[in-house]
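Student: Quick mapping for you: the protein sequence lines, in order, are chains F and B.
Count the first sequence with the numbering used here and you get residues 13 to 176, in order.
Count the second sequence with the numbering used here and you get residues 45 to 400, in order.
Don't read these hints as lab results, they were simulated from the structure.
One or more of the hints may lead you astray.
[Unchecked claim] Examples of chain F residues toward chain B, derived with CB under 8 angstroms:
hint : residue
1    : I36
2    : I45
3    : F58
4    : L103
5    : A104
6    : A106
[Claimed, not checked] Here are the computed lysine-lysine pairs in the DSSO-like style, where the Cα-Cα straight-line distance is at most 30 angstroms:
hint : chain 1 : residue 1 : chain 2 : residue 2
7    : F       : K130      : F       : K120
8    : F       : K130      : B       : K353
9    : B       : K238      : B       : K198
10   : B       : K238      : B       : K296
11   : F       : K39       : B       : K296
12   : F       : K50       : B       : K238
13   : F       : K153      : F       : K163
14   : F       : K50       : B       : K296
15   : B       : K198      : F       : K64
16   : B       : K233      : F       : K39
[As the list claims (entries may be wrong)] Derived Cβ-Cβ restraints for the label pairs, each shown as a range:
hint : chain 1 : residue 1 : chain 2 : residue 2 : range
17   : B       : D224      : F       : E82       : 19 to 25 angstroms
18   : B       : F211      : F       : R77       : 46 to 52 angstroms
19   : B       : L363      : F       : R65       : 42 to 48 angstroms
20   : B       : V360      : F       : Y40       : 31 to 37 angstroms
21   : F       : K79       : B       : K238      : 39 to 45 angstroms
22   : F       : Y40       : B       : R330      : 27 to 33 angstroms
23   : B       : F211      : F       : Q75       : 46 to 52 angstroms
Glycine included, each C-beta is placed from N, C-alpha and C at the ideal position.
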Amino acid sequence: MELLTPSPGLVFWTSLTFIILLVILRKYAWPSILRALKVREETISFALEDAKRANEEVEMMEQQRKKIKEEARKERDLILKEARRMKSEILAEAQDTARAETQRMLEKAGRDIEKQRKDAMLEIRNTIGQLSVEIAEKILKEELSGEDKHKKVINSYLSEINFN
Amino acid sequence: MKKELLIFFLLLSGITAQASAVDPGKEEPMDAFGLIMEHISDSHQWHVIDYTNRRGYPVHINVPLPVILWHNNSLWFYTSGDFYHGNHPLPLGDDYVILRDEHFFITGQEGVLKTDEAGNIINASPLDFSITKNVASMLMSMALLLLIFLSAGKAYARYGMAPPKGFRGVLEPIILFVRDDVARSQISKDKADKFVPFLLTLFFFIWINNMIGIVPFFPGGSNLSGNISFTATLAVFSFLVINVFAVKDYWKHIFLAPGMPFLIRFLLVPLEFIGILTKPFALMVRLFANITAGHIIILSLISIIFIIKSIYIAPVSILLSLVMFMLELLVAVLQAYIFTLLTALFIGMSTTKSEH
Chain F
13 MELLTPSPGL
23 VFWTSLTFII
33 LLVILRKYAW
43 PSILRALKVR
53 EETISFALED
63 AKRANEEVEM
73 MEQQRKKIKE
83 EARKERDLIL
93 KEARRMKSEI
103 LAEAQDTARA
113 ETQRMLEKAG
123 RDIEKQRKDA
133 MLEIRNTIGQ
143 LSVEIAEKIL
153 KEELSGEDKH
163 KKVINSYLSE
173 INFN
Chain B
45 MKKELLIFFL
55 LLSGITAQAS
65 AVDPGKEEPM
75 DAFGLIMEHI
85 SDSHQWHVID
95 YTNRRGYPVH
105 INVPLPVILW
115 HNNSLWFYTS
125 GDFYHGNHPL
135 PLGDDYVILR
145 DEHFFITGQE
155 GVLKTDEAGN
165 IINASPLDFS
175 ITKNVASMLM
185 SMALLLLIFL
195 SAGKAYARYG
205 MAPPKGFRGV
215 LEPIILFVRD
225 DVARSQISKD
235 KADKFVPFLL
245 TLFFFIWINN
255 MIGIVPFFPG
265 GSNLSGNISF
275 TATLAVFSFL
285 VINVFAVKDY
295 WKHIFLAPGM
305 PFLIRFLLVP
315 LEFIGILTKP
325 FALMVRLFAN
335 ITAGHIIILS
345 LISIIFIIKS
355 IYIAPVSILL
365 SLVMFMLELL
375 VAVLQAYIFT
385 LLTALFIGMS
395 TTKSEH
């Protein structure tokens, strides 16, 4: 059983080699490799975390933006509605005022017209009276006889005419 | 890099070609068992290639390796070529030493070996600390690992934040796998990172030696990770790490078996105690058996061609061994993973405070 007998020489050299490898690699190779891997892993996970947070922030800002936009839209609608309301109010008021003014002016015109008509009537009556006198004068000059009788007739006619 | 090349060429420069005069016409029957055993066991020289030269003489090209012996409280240095070339003993202080079947024996000046009735040599052996094929292959793996990971470490220190490029892209998933799926999944969170360097070293050391073992030509082909000495040593390291860092609860659990009736405790404590030893023992046997078995199967499949002595069996044989090579590639990484995973599991068991 040659194969199963350990030889002290090989045991010695294996131990020596393994210890040398362990010492050297443990001091000069594994720490820098493992540290680099760890640092890289941490950096990646931090970066991922950061990206996620930034993404969330963007999402939040987007939502905020939407909210602000929505509010602005509502306000605009409100303002427009108010403006429309005011417009119709002003319009109605203006119409009322115009109507009242028109009414007032119409009334005034009516009054003026009435007054002028009365004046005119008065003037007409006076003129007619004067004309009638003149006419009568002329008639009387033509018909010297029976002056009184004619005057009576004229007056009765005049009273028949109602100027009112 | 230059240094490694230099060492490699120094090794190559020592290659010796020895031609022995064996009648090429006469063919001996194929000794498959001997061939396989020779390939999977250790050797004091590194076999490169055998061929028959133009004049019909077989040529063996081998790299001689340094022989280091401990005898009478001092170290003795030789080159293994001296032992293979002549069969005469070499002086070792006051005694002489001879190499027979890859073992050194102390003899007299004539190099006579005494045997008992069963044919076993009963001469004393000096302690053998030679740089054998396995040791040389292990030193090569160490050089490779240092080269790979020191340069990777430097690169990570400089460009650690950037995505891995080139060879680091290959290493990184494996390193992360060992860290996350071996260490962190088995050992409690606060302690896992402390054991990661050990587990990484263990994993890559076993894996690269498994891979070197699969390479069928020089400078591969050593059966290092299929050698019981190698796996036993690594198992001892695992054993030490498991038990040195164990918490009080672990020992209490083993020696007091809390919450058990007295009689069962009587039975359980010895079992638990044996369990401390069987865990690394299983690690040792598993790696040894898996790697050795793979080598034996591939060598057997190739040997079939020479046993049957038919060219028509060759395609079948090669196809089958190709499949085996694929499997061996998987086994190489799998066994490294299992060894590391189980070590991590046992560390996890010994460093966790029990809930009950």
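Student: Please flag the earlier hints that this structure goes against, numbers listed from lowest up.
Tutor: 3, 4, 5, 6, 8, 11, 14, 15, 17, 19, 20 and 21
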